[in-house]
Amino acid sequence: MSESNYTKEKKVGEGTYAVVYLGKQLSSGDSIAVKEIKTSEFKDGLDMSAIREVKYLQELNHPNVINLIDIFMAYDNLNLVLEFLPTDLEVVIKDKNILFTPADIKSWMLMTLRGVYHVHRNFILHRDLKPNNLLISPDGLIKVADFGLARAVPGPREMLTSNVVTRWYRAPELLFGAKHYTYAVDVWSIGVIFAELMLRIPYLPGQDDMNQMEVTFRALGTPTDKQWPEVSSFPGYNKLQIYPSPSRDELRKRFIAATESALTLMENMLMMNPQTRWNTIQCLESEYFKELPAPSDPADINIFSQKV
Amino acid sequence: MSTQTISGSLDEYDDNKDMCPICKTDRYLSPDLKFLVNPECYHKICENCVDRIFSLGPAQCPYKGCDKILRKNKFKTQVFDDVGVEKEVDIRKRVFNVFNKTIDDFNGNLDDFNKYLEDVEDIVYNLDHGVDVEKTEERLRTYEELNKQLILNNIERSKKDIENFSQRQQFEKEMKLKKKLLERQIEEEDRFNKEWAKKEIVNRLMSSSGNDTTDVIEGVKNTVKLKKSSARRKLEELNRVLKDNPYFAANNMGQNNRIKSSIPYTPFNGDRDLHQRFEVDETKYNDPLVQELEKRKDYIASGFRTDFIYERVLTEAFMGLGCVISEERA
Chain C
1 MSESNYTKEK KVGEGTYAVV YLGKQLSSGD SIAVKEIKTS EFKDGLDMSA IREVKYLQEL
61 NHPNVINLID IFMAYDNLNL VLEFLPTDLE VVIKDKNILF TPADIKSWML MTLRGVYHVH
121 RNFILHRDLK PNNLLISPDG LIKVADFGLA RAVPGPREML TSNVVTRWYR APELLFGAKH
181 YTYAVDVWSI GVIFAELMLR IPYLPGQDDM NQMEVTFRAL GTPTDKQWPE VSSFPGYNKL
241 QIYPSPSRDE LRKRFIAATE SALTLMENML MMNPQTRWNT IQCLESEYFK ELPAPSDPAD
301 INIFSQKV
Chain A
1 MSTQTISGSL DEYDDNKDMC PICKTDRYLS PDLKFLVNPE CYHKICENCV DRIFSLGPAQ
61 CPYKGCDKIL RKNKFKTQVF DDVGVEKEVD IRKRVFNVFN KTIDDFNGNL DDFNKYLEDV
121 EDIVYNLDHG VDVEKTEERL RTYEELNKQL ILNNIERSKK DIENFSQRQQ FEKEMKLKKK
181 LLERQIEEED RFNKEWAKKE IVNRLMSSSG NDTTDVIEGV KNTVKLKKSS ARRKLEELNR
241 VLKDNPYFAA NNMGQNNRIK SSIPYTPFNG DRDLHQRFEV DETKYNDPLV QELEKRKDYI
301 ASGFRTDFIY ERVLTEAFMG LGCVISEERA
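If you read the protein sequences in the order shown, they are chains C and A.
For the first sequence, this note's numbering gives the first residue as 1, with consecutive numbering after it.
For the second sequence, this note's numbering gives the first residue as 1, with consecutive numbering after it.
The reader is advised that the hints may include incorrect statements.
[Said to hold, decoys possible] Far from chain C by the CB rule (all over 12 Å, computed), these chain A residues:
#1 F99
#2 G108
#3 E187
#4 Y265
#5 F268
#6 L289
#7 E292
#8 E294
#9 F308
#10 T315
[Unchecked claim] With a cut-off of at most 20 Å between alpha-carbon atoms, the simulated DMTMM-like pairs for lysine to aspartate or glutamate come out as follows:
#11 A:K225 with C:D249
#12 A:K87 with A:E145
#13 A:K297 with C:D249
#14 A:K221 with C:D225
#15 A:K93 with A:D122
#16 C:K226 with A:E316
#17 C:K290 with A:E294
#18 C:K55 with A:E316
#19 A:K297 with C:E158
#20 C:K179 with A:E316
#21 C:K226 with A:D298
[As the list claims (entries may be wrong)] Label-pair distances were calculated between CB atoms; the ranges are:
#22 C:D70 with A:E316: 38 to 44 Å
#23 C:F72 with A:D111: 37 to 43 Å
#24 A:N203 with C:L99: 52 to 58 Å
#25 C:S245 with A:D281: 34 to 40 Å
In case anyone wonders, no lab produced these hints; they're calculated from the structure.
Glycine is no exception: its CB is placed at the ideal position from the N, C-alpha and C atoms.
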């Protein structure tokens, strides 16, 4: 727990509340990342997301969740020592020089679902899953990261804020302003990421919160009380354009390369009604992961663009 | 200073890629100018000059200081800009036509095969750089004499490989075409069926006034479903054929063997605790505070479930049992 055991060598990124440095653990020589939390004099105390990150990462230890190695204070700043992860899924999806196969996608989905399954079984909601937060280790493992919006599953009478999750990956119950949502919001995000991996462009890119509803329902159908009981009781459920749910054939045409069981998995992750949406266990047990091609070995997936 | 510039530009003029150094014909004036080289000396000469100089039989290369005797039938178009590259490629072509063993000829022994490749590389290098040319040529000739049968066999085999490949491509192309055709057929039938169903529903509704409309609609829809066409069946058949395509099977064999991992796949990678320490009997368990929530509209719509609540509370209650803190610390 001391500062002297780590070096900060290079600044690699800066967010609203933290600066990230690349460094080394002196005792082992391993590469690490140091996240220095900015303390501003105008705020009282530490940023909420820093506290959340520390609180939940301390609890979690899984190959597919980012590892919090250490915490130390230096010059009145809080520093989190995290494992070093060179890239993330967003970079991989956007880099057109990187080719990946259906087996690679399956491997990534498998690792993501295992990580989120572990988060959920520890009664934690991640609430900000997106390609940008799925980091990739040097040996190709997916690591669920950024627990700045995470929280423990609330007691039955507690209210939650529906203003979570990056817009494109926001589940319909959040768009409607639900206050008692469940793990299902994370599964929806993974479903959208799955679609994005197959299309290599964002699947539901809404321009603002209203437009997000429009885009989501145009792609997946407007929910009705029949398939989602009491959905019309949401304050946000009014003046909606009614779109029909897409047929299997329409989905097949949108996702040309997807197999039937891949589409089944995606449909069930992108189920409008959170009650019937699959949980991570059902997803992991789906036919998609059993059929050929088998998921690639993470170490074999090429995640860095090859400059020729 | 000025002379230097002039001579420099003159050199450049001489180097001009678009001018024949023998007859000074320029591409600017005769656009269909073509250059040929002879593998004896690789000097660049335009087609016209080749015709003019070598039509009457072998003659000396017209380049100043080059005493090679060239024949017309050996002239060829230059593929690579760099003459050095062109020369090496020609030598390689010639050597590999003789030294055409593959790793299979060594029964998969990689060391022997690498040694053989090294030898071949030596020969290429020697010929390319003019080291011991005569000795090397001799080596090439003796090898050719000794291994005539093997060389012919290998040529035959590579021919077969190429044939096999083109056959496979042909097969795939045909299958793709068939598939597209069937898909289009299915699409058309679907459209036709839809139209037909629409008309049929209207017709039946007109004739059977007062009856239950949903029954009629369902009835028509069912007939449409039963009509699922023969084209669809054919497509499934085709997909099956494609799946165990003989060409693919032969091709993928090597890959499949490689991928086989020692650990069998399981969805949770062995990391799942199926042993729950509790059971909830909802019929006997009366929890009015939580059960009341289950009926509230905003809870139902949000996906709220009482079993989530019970699971968390009970797991947290029992999680610490059997854990001794002093042991965990150590």
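How the hints compare with the structure:
Non-interface call for F99 of chain A relative to chain C: holds, since the shortest CB-CB distance, roughly 30 Å, exceeds 12 Å. No Cβ of chain C approaches the Cβ of G108 of chain A within 12 Å, the least distance being about 23 Å, so the stated non-interface status holds. Taking the minimum C-beta to C-beta distance to chain C, about 9 Å, the non-interface status of E187 of chain A is violated against the 12 Å cut. The beta carbon of Y265 of chain A sits about 6 Å from the closest Cβ of chain C, which is not more than 12 Å, so the claim that it is off the interface is violated.
Distance to chain C contradicts F268 of chain A as a non-interface residue, since its nearest Cβ pair spans about 6 Å, not more than 12 Å. For L289 of chain A, the non-interface assignment is contradicted: its Cβ lies about 7 Å from the closest Cβ of chain C, within the 12 Å cut-off. E292 of chain A, annotated as away from the interface, has a beta carbon of chain C within 12 Å; the closest lies near 10 Å. Its closest Cβ contact with chain C, about 9 Å, brings E294 of chain A to no more than 12 Å, contrary to its assignment away from the interface.
For F308 of chain A, the shortest C-beta to C-beta distance to chain C comes to about 6 Å, within the 12 Å cut-off, and the non-interface label is violated. Not every CB of chain C is more than 12 Å from the CB of T315 of chain A (nearest about 8 Å), against its label as outside the interface. Restraint check for K225 of chain A and D249 of chain C: satisfied, since their Cα atoms lie roughly 15 Å apart, inside the 20 Å limit. Distance check on the hinted pair: K87 of chain A and E145 of chain A sit about 25 Å apart at the alpha-carbon level, beyond 20 Å; violated.
For the hint linking K297 of chain A to D249 of chain C, the alpha-carbon distance of about 34 Å lies beyond 20 Å, and the restraint is violated. A threshold of 20 Å between alpha carbons decides the hint, and for K221 of chain A with D225 of chain C the separation of about 24 Å lies outside it, so the pair is violated. With a CA separation close to 15 Å, the supplied pair K93 of chain A and D122 of chain A stays within the 20 Å bound. Distance check on the hinted pair: K226 of chain C and E316 of chain A sit about 36 Å apart at the alpha-carbon level, beyond 20 Å; violated.
Between K290 of chain C and E294 of chain A, the direct Cα distance comes to roughly 36 Å. Violation of the 20 Å bound is thereby established for this hinted pair. The straight-line distance between the Cα atoms of K55 of chain C and E316 of chain A is roughly 17 Å, inside the 20 Å bound, and the hint therefore holds. Between K297 of chain A and E158 of chain C the alpha-carbon distance is near 16 Å, which keeps this suggested pair within the 20 Å criterion. At most 20 Å may separate the alpha-carbon atoms for a hinted pair to count; K179 of chain C and E316 of chain A exceed this at roughly 23 Å.
As the CA atoms of K226 of chain C and D298 of chain A are separated by approximately 16 Å, the hinted pair is consistent with the 20 Å bound. Range check, D70 of chain C to E316 of chain A: about 27 Å between beta-carbon atoms, so the 38 to 44 Å window is missed. At about 54 Å, the beta-carbon gap between F72 of chain C and D111 of chain A misses the expected band of 37 to 43 Å. One distance hint, 52 to 58 Å for the beta-carbon pair N203 of chain A and L99 of chain C, holds here, with the actual separation near 54 Å.
At about 37 Å, the CB distance of S245 of chain C to D281 of chain A agrees with the hint of 34 to 40 Å.
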